[in-house]
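J.: Listed below are the residues making up each chain.
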Amino acid sequence: MGQRADVADLEALYRARYRHFLRVALLITHDEDGAHEAVQEGFAAAIRSRRSYRGEGPLEAWVWRSVVNAAKKQRRRPAAVVPHDPSLSENGDAAEERVVRAWIAALPERQRLAVYLRYYADLDYRAIAAVLEVEVGTVSATLSAAHRTLRKEIQEVHP
Amino acid sequence: MIDVEPLIRTHLDRLAPLPDASTRDWADVRRRAHGSRPAGRVLVLAAAIALLAVALLVAAPALGFRQVADVFGSEPSPTWTWPEGVPGEPIEAPAIVRSGNEQLHGKLARDRVDLGSVRQIVSAGDGSAENAFLAARSLNGDVCLAKLGGGGHFGSLFECVHDPPKPGVPSSDEQAVFLGVSGGGHGGSVVDYSTIVGVARADVGRVELELVNGETIELPLNRWRGFGYSTTDASRFPKTLSVYRTWSSFFRSHEKLVGELPLQQVKGLEPTPLCGGVYGPCPPGVKP
Chain A
329 MGQRADVADL
339 EALYRARYRH
349 FLRVALLITH
359 DEDGAHEAVQ
369 EGFAAAIRSR
379 RSYRGEGPLE
389 AWVWRSVVNA
399 AKKQRRRPAA
409 VVPHDPSLSE
419 NGDAAEERVV
429 RAWIAALPER
439 QRLAVYLRYY
449 ADLDYRAIAA
459 VLEVEVGTVS
469 ATLSAAHRTL
479 RKEIQEVHP
Chain B
14 MIDVEPLIRT
24 HLDRLAPLPD
34 ASTRDWADVR
44 RRAHGSRPAG
54 RVLVLAAAIA
64 LLAVALLVAA
74 PALGFRQVAD
84 VFGSEPSPTW
94 TWPEGVPGEP
104 IEAPAIVRSG
114 NEQLHGKLAR
124 DRVDLGSVRQ
134 IVSAGDGSAE
144 NAFLAARSLN
154 GDVCLAKLGG
164 GGHFGSLFEC
174 VHDPPKPGVP
184 SSDEQAVFLG
194 VSGGGHGGSV
204 VDYSTIVGVA
214 RADVGRVELE
224 LVNGETIELP
234 LNRWRGFGYS
244 TTDASRFPKT
254 LSVYRTWSSF
264 FRSHEKLVGE
274 LPLQQVKGLE
284 PTPLCGGVYG
294 PCPPGVKP
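So the sequence lines, in the order shown, correspond to chains A and B. Using this note's numbering, read the first sequence as starting at 329 and increasing by one per residue. Using this note's numbering, read the second sequence as starting at 14 and increasing by one per residue.
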């Protein structure tokens with residue numbers, strides 16, 4: 329990738345990764361129309377400001393930042409509160425999946441975004457740091473904290 | 014040590030599969046990129062500015078020399094501080110709390126608590142349906158919270174909150190509430206009670222619960238900002254919990270939704286009435 333973003337590069341990224349952008353936008357906005365709007369606006373903003381891209385990081389990370397910011401603006405509902413659930417161990421099957429679902433809902437916003445970008449967008453720590461505008465070490469600490477929380481929850485249902 | 018990464022990858026795709034690409038439209042992106050700000054948005058912005066100007070003009074004589082913050086009210090910042098330090102009624106640390114405390118080693122050791130400082134913030138439900146939230150002082154001086162469920166037969170480890178948040182310390186400071194939700198029954202497929210206990214952040218002034226029957230009730234916060242709810246009536250099982258930040262200004266009281274949890278979707282439990290024995294026949298497929 330060169331030191332600037334061409335519209336053709338952005339179009340190729342859009343066509344290749346649209347569904348991934350849409351999924352993360354949907355998880356942020358909780359709204360299909362809002363998610364589509366966020367992806368469209370995020371890419372439109374990337375085209376408008378493409379000359380400000382200096383190639384310091386991956387182009388995809390730069391676009392993710394634009395789409396994530398657009399999705400935050402589209403968000404209609406607040407983040408979910410914490411579901412700590414002592415009864416999970418009583419209910420057997422699918423307990424792990426429930427724990428993961430509850431864990432996602434319970435994460436603070438920055439940790440949740442980092443998880444989305446790591447596991448849904450398949451970004452590495454450096455790219456996630458660029459999207460969230462934090463240090464790579466912060467991403468590492470953030471994801472470690474999220475993992476630790478999940479590990480504790482899993483240990484509660486499978487002691 | 015559980016390796017959670019494979020677990021996350023396994024479940025996340027199932028929880029949120031890739032959507033279809035039917036709405037993909039690059040031409041629309043190009044139009045947006047080259048178009049100007051939508052006229053509607055400009056009009057709304059202009060109207061909002063005009064309204065604000067008029068409101069200031071009308072209100073100015075009444076405001077006198079009041080500070081701007083007094084007039085408009087300051088939205089409170091999130092904080093987990095309690096005036097008395099560790100909140101709740103002093104209790105003897107339950108056995109499960111003692112054993113959990115002993116298991117905190119390594120990095121988790123920072124969440125160990127002084128067992129002499131354990132207090133109970135709130136409890137709800139009876140017998141095995143009883144849930145409670147406890148508080149204690151960590152060895153570092155932080156306030157830590159833990160939940161007990163099943164009438165005290167199981168519980169979580171203490172998790173500490175920090176004011177202000179400590180850099181690099183994983184915490185739940187950004188959460189509006191800590192919540193314990195318990196649903197269970199006398200048979201594997203039957204859910205005949207539902208209990209909720211929670212502790213709210215200091216900026217939270219109102220907690221609201223929507224029930225399965227459509228009714229919405231307010232869960233009062235006790236002096237330590239604890240709240241609870243328990244029922245064996247399936248029509249009154251909890252459906253959605255809403256958490257509001259509240260504050261006041263010269264003009265009026267304000268509130269803002271800062272958390273919302275669809276409880277049954279998260280739990281994956283459907284309410285089932287008590288059945289069998291004195292309760293009468295069970296619905297098809299439900300064992301007493």
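Read the hints as simulated data drawn from the structure, not as lab findings. Treat the numbers as computed from the prediction; the structure is a model and nothing was measured. Check each hint, because a few of them may be wrong.
To be verified - Heads up, simulated DMTMM-like pairs for lysine to aspartate or glutamate below, C-alpha to C-alpha not over 20 Å straight-line:
1) A:K401 / A:D450
2) A:K480 / B:E18
3) A:K401 / B:E273
4) A:K480 / B:E231
5) A:K401 / A:E463
6) A:K400 / B:E115
7) A:K480 / B:E115
8) A:K400 / A:D361
9) B:K269 / A:E461
10) B:K252 / B:E231
11) B:K252 / B:E273
12) B:K269 / B:E221
13) A:K400 / A:E425
14) B:K252 / B:D216
15) A:K400 / A:D334
16) A:K401 / A:D452
J.: To test your reading of the hints: which numbers does this structure violate?
T.: 1, 4, 5, 6, 9, 13, 14, 15 and 16
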